[in-house]
Amino acid sequence: MKMPSPSRRTILLGGAGLTVVGAGVGGLAAAATLEHYLEGLVRHTFRRERIDPEGVDLFVSEFIAHADPGTISKSTLLARAAGVVGVAGVDAALSGYGGYAEFKRRLVTQFLLNSDYFYRSDASEPVHCLEWTGVCVNPFARFNDD
Amino acid sequence: MQFITAEDAAGAGDVVVVGSGFGSLFFLKRYLELKPRSRILILERGRHNTSEWQQKNLKNSDLPETSTFVNESPKDWAFTIGLGGSTNCWWGQSPRLHPSDFELRTRHGVGVDWPVTYDDLIPYYKQVERIMPVSGPDDLDSEFPGTGQYPQRPHRMSSADERIRSTPGHKHFVVPNARLTSPLNGRGKCCASSTCNICPTGAKFTAFNGLADVLSHPGVRICTESEVRALDVEAGTVRKALFAHGGREHLASGDLFVLGANAIFNPLILMKSGIGGHGVGRYFGEKMFARVEVLLDGHQHFDGGTATTCFNLSRLDGPHRGQMGSAVYYIENNPMIPGLRVAKGRWREVMQVSVYVEDLLLESNGIFDEGGELPVLRHAGFGSYARRGLQAAVDAMPAMLKNLPVESITLKEIFPVLGHLQGTTRMGLTKEDSVVDAGLMHHDHRNLLIVGTSVFPTMGSVNPTLTASALSLRAAERMLVRR
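Residue numbers (the numbering used here), protein chains in the order written: chain Z, 14 to 159; chain B, 127 to 609.
Please keep in mind that the hints were generated in silico from the structure rather than gathered at the bench. Careful, some of the hints might be misleading.
Unchecked claim - Sample of chain Z residues facing chain B (criterion: CB under 7 Å; computed from the structure):
id	residue
1	ARG63
2	LEU107
3	THR122
4	PHE153
5	ALA154
6	PHE156
7	ASN157
In this text, a Cβ means the ideal position worked out from N, Cα and C, and glycines have one as well.
Model the full assembly from the supplied sequences, consistent with the hints where possible.
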């Protein structure tokens, strides 16, 4: 695996107030806004990881800014549902549906590739969000002159 | 580059070129080499959206193409309007057509034959590959004779490609493309970002980084935001181009006219001008583009060196083409679309395969001028020839991938658009079967050339750009040698 370039490694809000987010997401049942819902879904998906909470906020802002109107519309509906049954509840109820799976896949992929998840030397290290980038995002690429 | 006003365009060129994509610029490349003192006027409908503008705005054009036609089809159509045309938005895939693609009727009993053969195009393929330049492997001669060595070394294949190639008798090769593997003339090498429509390093060939000598030639004048509406014909000779600019109509005269708009607007201009030929506006279409998802069991993907690493040619040609379309598989190396596998520790155990499938170009599908400002596109959707080809291609995948630990193979979707518009001013031997001849000259109007993929009589299954560019080089050479 290629190591990230220094700019890629630029960590926003690095180390600021790292919080261990455990498996319990019951507190997210009140998620109503789109931002809270998406943050909750990231935390729920990576509930066994230590992730930088402020970085998640920033990641969600960027995700929303770059998302197409269809994604925003659908995830707004999901946020409303999450306000009733919680993020975990929505995730459990819709996990078998193609449209939801595709949405979650996009979110998770963007989070993974816009964080240092794959660059950590140890999987127990906390995950930091990186500067949002639309380019040079394949951390696994190998080149003939490598 | 010398940009001029519409007022100054009236007598600015002996050669008037409509559109500035691959077809036009490769024609001019050879034309200006042979006649360097020529005066050329390029009339381009769009603006000059620089590479910097495209990077900043994350799009290729400020003019949405969907605003330029009425679509009465169950599928979509995509292209770029602006200086450089589709050299901006393309992804750089640069395979040649297969020899059988030029002789579909003779070899397989369907479609039609081209008035040129693969062998006719070999020297021009080589020239385009050198100009761009194209990177590729040195083992493609078995499939595309005369390929030899590409100017740029091949991109690194993925480890999945290596395993597929370990199968005896495989037809799995690094795909030729116009994305640099080594920096050249200020262009960086490919960074595998998979954002090739807006290449961040300059690795991908565009008009601006690869044909700047044409656009900046002292004899070339460029008038942007100029939409050609019709050609004025007198006694069988095209005299002037009528174009709209800034809400007014203008005329540009010339001795030679080159139509390089695209497969929608080339025929529309002919129809508006009363210029005929068999099938003007008809035989419109593009190949089918499907995505197949392969879940892997323990194999980590996405470790190739560019967006699309290899193509598999096991369904490219054969007796099946009498009944169903040719198909080519492209191994995608982009982790972003549609995304990684949502399973911790198995994120990379997924591989996307794009399948391009040939369809027949039917006379009933076409571009229609119904008197309004916009052309009407009517296409019945992909035909049974393509659908059978896709099904057979998917069915053949387990054998193709047998050296990979495959968990499942799923046809996920057929996309509504690919961006390979073809047909509508097809080439052929006579005006009873076509619009232009083998030199891309209109059968009746011998100072009118039509370039680009609108002249394709059949589509094959691989990307058409290299062939369209080679045809343009050949057309310029044939015309000037004849004169």
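Taking the hints in turn, this is what the structure says about them:
1. The closest approach between the C-beta of ARG63 (chain Z) and any C-beta of chain B is roughly 14 Å, which is over the 7 Å cut-off, so the hint fails.
2. Interface hint at LEU107 (chain Z): violated, since its Cβ lies 13 Å from the closest Cβ of chain B, which is beyond the 7 Å cut-off.
3. At about 4 Å, the closest approach between the beta carbon of THR122 (chain Z) and any beta carbon in chain B falls short of 7 Å, and the interface hint on this residue holds.
4. Nearest Cβ of chain B to the Cβ of PHE153 (chain Z): about 4 Å, under the 7 Å cut. The hint holds.
5. With a least beta-carbon distance of about 4 Å to chain B, the hint placing ALA154 (chain Z) at the interface is held under the 7 Å criterion.
6. Hint on PHE156 (chain Z) holds. Least Cβ distance to chain B is approximately 5 Å, under the 7 Å limit.
7. Interface restraint check for ASN157 (chain Z): the shortest CB-CB distance to chain B comes to about 5 Å, inside 7 Å, so the restraint holds.
Violated hints, in rising order: 1, 2; the structure is consistent with all others.
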